[in-house]
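Visitor: Below are the chains, spelled out letter by letter.
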Amino acid sequence: GAGVSQSPRYKVAKRGQDVALRCDPISGHVSLFWYQQALGQGPEFLTYFQNEAQLDKSGLPSDRFFAERPEGSVSTLKIQRTQQEDSAVYLCASSPTTGPNSPLHFGNGTRLTVT
Amino acid sequence: AQSVAQPEDQVNVAEGNPLTVKCTYSVSGNPYLFWYVQYPNRGLQFLLKYITGDNLVKGSYGFEAEFNKSQTSFHLKKPSALVSDSALYFCAVRDSEYGNKLVFGAGTILRVKS
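For the protein sequence lines, the chains are A and B, in the order given.
One point on numbering: in my numbering, the residue at position 51 of the first sequence is 51, and numbering is uninterrupted.
Here my numbering runs 115 ahead of the position in the second sequence, where the first position is 1.
Please keep in mind that the hints were generated in silico from the structure rather than gathered at the bench.
Each residue gets a CB set at the ideal place from its N, CA and C atoms; glycine is no exception.
Honestly, I wouldn't trust all of these hints.
For lysine-lysine, the following DSSO-like pairs were computed, each having C-alpha atoms within a straight-line distance of at most 27 Å [said to hold, decoys possible]:
no.	chain 1	residue 1	chain 2	residue 2
1	A	Lys14	A	Lys57
2	B	Lys216	A	Lys78
3	A	Lys78	A	Lys14
4	B	Lys164	B	Lys184
5	A	Lys57	B	Lys216
6	B	Lys192	B	Lys137
7	A	Lys57	B	Lys184
8	B	Lys216	B	Lys173
9	B	Lys228	B	Lys216
Chain B stretches covered by chain A per the calculated footprint, using a threshold of three residues with CB under 8 Å from any CB of chain A [claimed, not checked]:
no.	segment
10	132 to 142
11	173 to 181
12	189 to 201
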């Protein structure tokens with residue numbers, strides 16, 4: 001069955017470059033989340049969408065990070081002028097409802113390495 | 116705001132023995148508690164959740180967890196460990212006062228030896 005799909009799987013960027021990470025959630029899922037997972041750490045919340053509306057962006061670490069979900073399905077996380085501290089795995093997750101008891105379905109992540 | 120603590124970086128257990136992975140949480144409202152497992156180079160897989168009701172919840176692959184409100188704990192358990200259970204385990208919590216944000220602990224590596 002189709003799960004959450006993320007691309008690219010791996011991305012190497014030189015410091016200062018812009019990157020765009022894509023997430024295809026499970027079809028029909030209303031909620032979409034982005035998380036950042038540094039090596040050896042738990043996932044850290046970045047942002048949350050309900051359909052196309054970005055309801056919570058409190059976890060975005062700086063104004064270099066921007067996320068969008070214009071049609072309420074595919075989402076893109078963009079990082080401008082990448083820095084070495086941006087190196088991490090970026091996880092996307094979706095859930096079918098907006099309720100707090102609904103588990104998240106995660107993709108396999110995009111591993112970003114900034115050199 | 117909500118938070119989660121997983122006090123053990125690593126848990127080692129022999130195959131066939133019972134296992135426990137510890138988790139404590141802090142919330143302002145009511146907790147919605149989850150356990151996830153992560154295998155190398157993969158995303159997180161949902162194991163089980165506590166929302167309300169029976170304090171002992173059962174989940175995938177024979178795992179269960181016990182909610183203890185007075186101790187603000189949600190420990191993951193399995194009666195008989197398998198080598199294939201070796202992975203990274205995350206406890207997570209949502210706070211009913213703070214919407215949909217799911218906050219994760221730092222994770223516990225489980226190693227099951229044959």
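Visitor: Against the structure, test the hints numbered earlier, and report the numbers of the ones violated in rising order.
Guide: 7, 9, 10, 11, 12
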